[in-house]
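With chain A's structure known, arrange chain B on it following the hints.
Listed here are the chains, written in short residue letters.
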Amino acid sequence: MDGARRRPLPADLRQLESEAIGILREAAAEFRKPVLLYSIGKDSSVLLRLALKAFHPAKPPFPVLHIDTTWKFREMIAFRDQTARRLQIELIVHTNQEGLDRGINPIASGSALHTQVMKTEALKQALDRHGFDAAFGGARRDEEKSRAKERIFSIRGPGHSWNPRAQRPELWRLFNTRLSPGESMRVFPLSNWTEIDVWRYIECENIPVVPLYFAKERPVVRRDGTWIMVDDDRLPLLPGERPELRRVRFRTLGCYPLSGAIESPAASPADIIAELRGATVSERQGRLIDGDAEASMERKKREGYF
Amino acid sequence: MPHDPEGAGARRPLLRFLTCGSVDDGKSTLIGRLLYDSAAVHADQLDALKRDSQRFGTTGGDLDLSLLLDGLEDERQQRITIDVAYRFFSTSRRSFIVADTPGHEQYTRNMATGASTADLALLLVDARKGVLAQTRRHSLICSLLGIRHVVLAINKFDLVDYDAAVFARIAEDYARFAQALGFASLPAIPISARRGDNVTAPSPQMAWYDGPTLLAHLETVETGGAQVRPFRFPVQWVSRPNGDFRGFAGTVAAGAIAPGDAVLAMGSGRTTRIKEIVTFDGPCERAEAGDAVTLTVTDEIDVTRGDLLVDPASRPEHADQFAAHIIWFQQERLVPGRVYWLKLGPRSVLCSVTALKHRIDIDNGAHVAARTLDLNEIGFCNLSTNAPLAFDPYAANHDTGAFILIDRYTNETAGAGMIAFALHRAANIEWQALSVAARDRATQKSQEAAILWFTGLSGAGKSTIANRLERKLLELGCHTMLLDGDNVRHGLNRDLGFTDTDRVENIRRAGEVAKLMGEAGLIVITAFISPFRADRQMVREIAAPHAFLEVFVDTPLAECQRRDPKGLYARAAAGAIPNFTGLDSPYEAPETPELRLDTMGADADTLADRIIAELRRRELIR
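Keeping their order, the protein sequence lines are chains A and B. Using our numbering, read the first sequence as starting at 1 and increasing by one per residue. Using our numbering, read the second sequence as starting at 1 and increasing by one per residue.
Next up, chain A with everything else stripped away, as it sits in the complex:
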């Protein structure tokens, strides 16, 4: 088990926890073959903890799927494998081999194409290959404007496309889980959580997260107004560019060449919460993929991105 709980849950977190557990149970009961999308990030760590809670003393009745673009931070992969071993859960790792063969990567191909091929397409491949009819994700409605309008049970048409105008009304705690042929469901138990809620929960529950979230001296280069970590020797340095050691941390984790670090001394969940309370920069700013085009998240979602 992960460490014992250190603090009693405040009333609002207890409410969010119960809601998420109810959603996980409902989906597990209604779908033929669900899967939990595990991105290794903090939201995934919380989601995984909630899945353990929902089905205790049994194990969660679904496997965990990681879409590996091969460009994740090395610490993320180590954490992923260690977590799977520690919790003894079934972990499926999928990489878009065709994309690799075509030489798609975040540096030469650009973030938009890389995300499309190695994340969106890869996810669709994995869901289709295993015949999963529902996938849990850790997305939250506070992350981005089009997410704010997404349902907790979000139906995807053939090809996993999202049509924001054909969403089912969602009333009370009643979820319409029925699917027609070719349709699948994305389920978001953390819809009503905020970034601060996630960190408060991690702190109260003592949930392990990837150390990259906490400040440490790391080798970084300055690009487009953000710090990019030189995680391995695949990151080509521009003329005159030299990695320097900075005390940085990440608010979100993804492919390392696309994840911007912030300079911060926050070294624990409590520090991060304090930092967030005075935060002036929103979480997705560190994600280079969102800025690609106006309404870019909505477009990616329409195409099947999580």
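No false leads were mixed into what you were given.
Taking lysine-lysine pairs in the DSS-like style, the calculated list, with each CA pair at most 27 angstroms apart, reads:
hint, chain 1, residue 1, chain 2, residue 2
1, B, K566, B, K472
2, B, K275, A, K53
3, A, K59, B, K275
4, B, K472, B, K445
5, A, K124, A, K33
6, A, K59, A, K124
Quick partial rundown of chain A residues pointing at chain B, CB under 10 angstroms, derived from the structure:
hint, residue
7, Q15
8, P61
9, P164
10, T177
Partial selection, computed: residues in chain A whose CB lies under 7 angstroms from chain B:
hint, residue
11, A11
12, G22
13, R25
14, K53
15, R141
16, D142
17, A148
18, R168
19, W172
20, N176
21, S180
22, N192
Worth flagging that the hints you see were computed from the coordinates, not collected in a lab. Here the structure is a predicted model, which is why all the values come from computation and not from measurement. The beta carbon of each residue, even a glycine, is placed where N, CA and C say it ideally should be.
Relative to chain A, chain B alone:
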């Protein structure tokens, strides 16, 4: 108790509220203001907002806070809010979840969606316009959805010179209107969302107002009901990790429970006691409303997903017929008699509306006679389910009294319902126990009872083939009955016309008659156009457990028009017969009929023989 750095134990539970009002009352601006003033808007979002305000804004270069909210591309381009958006902000005293719901009339369903999970409604009124039809409509929907707390935020006071008389007039107007709606609290607050007056800080412009700011009110309002309610626990998931453990997982819908307490399982009617309340964090002494837990019990009793565990001293209703308010969400109208999935908590059953008592005019609450419900209409109906359901009236418990209706063909959420009370008709009309069983009657005739349901366009050849078939069966010594659509309409169904509603009833009655004849042990042949898939599915379910064969007499429309044995197509084409199937009323061909007869390639005799072969193959006749 360990040290608690946040004062978390004392932190208030989440407040969920929805904002509603007419178009342009400034809802999005007000939420934008709350987010902005509570520092939930970050620097990069603010930069984007400045850019957007220049590009799409309607505030002449000032920050247009409403742009923080409209998230979908269509919304930003059309400057309207289409869908419910959920927003989050918190202060040191409380966290808030805000449902921002569109004010357009056609989006009633979105308002109901937002209201279904809200503790409080924030109702916006434009100080220049006062209480409008939309205000009344939204108040009625809030009241119907069981919202007990309302705040009337009278907005745009900057545009009426912060006039105290305007406030007094509108507040009084609204209080008079809302008297009948049963809200427990409905304070009025004068604000300017755009300027920030009385939103988070008291307005120096409105010294005459001595009440709390909007935010102060939201931070302190108590919405939880103090009344103690009986224990209700819908079982979501039966947990059996191994042979030793059997637990029932779910979320407590009402009341509280502790080990040793007696519970009644509504499915089996058995009573047992709680052994343990199991959680990941260890066993609990007590679980109460809202807690997601797993219960174990002291006896081996039969409990499955969808069952309701309850306090044996205070039982819910248990019935297969009840009255409920229904809000309709589908383009396709609600037709009494048609079968839908009904989901109540974790329980799914089949149901149909047996009677639409009235529609509610949401402008004034009046009851209006109606035979169907259109998109966004609200009605009061009797419903009947294919199995008894345990429930409470919605007013007593939303979790055990609310349901959704799901279209069985498109899987769309067709409507939402709130149960008013149980109808005890099923209990009053007990089934007469029959000492001779249907099976005995069929066996005596050396056959199995069966229903052969012919469907197809007018003139497709249904009656011709059905007649030929019955003659052949008779010659084989089978006992049969033929129900012909036209003949039934002359007698049993002569009170019915050709509207969609009447067509459904026509088919329902034919299905019931076919079933009775099946119970007599007969092979029943029916020849009705029966154009709607849902209705044929309905008779299939009525007919169960008799063998039911859907026979699709498949003749192209052009050929039917050419044959036109009764001259009906000619009359319909001349405009003499409205709602004629295949012309101005649709025919929904069967997707998986037991038999499809192509009349272009074979004559009636050959086709009748094919049916007989199929009956033999299924061992229904010898």
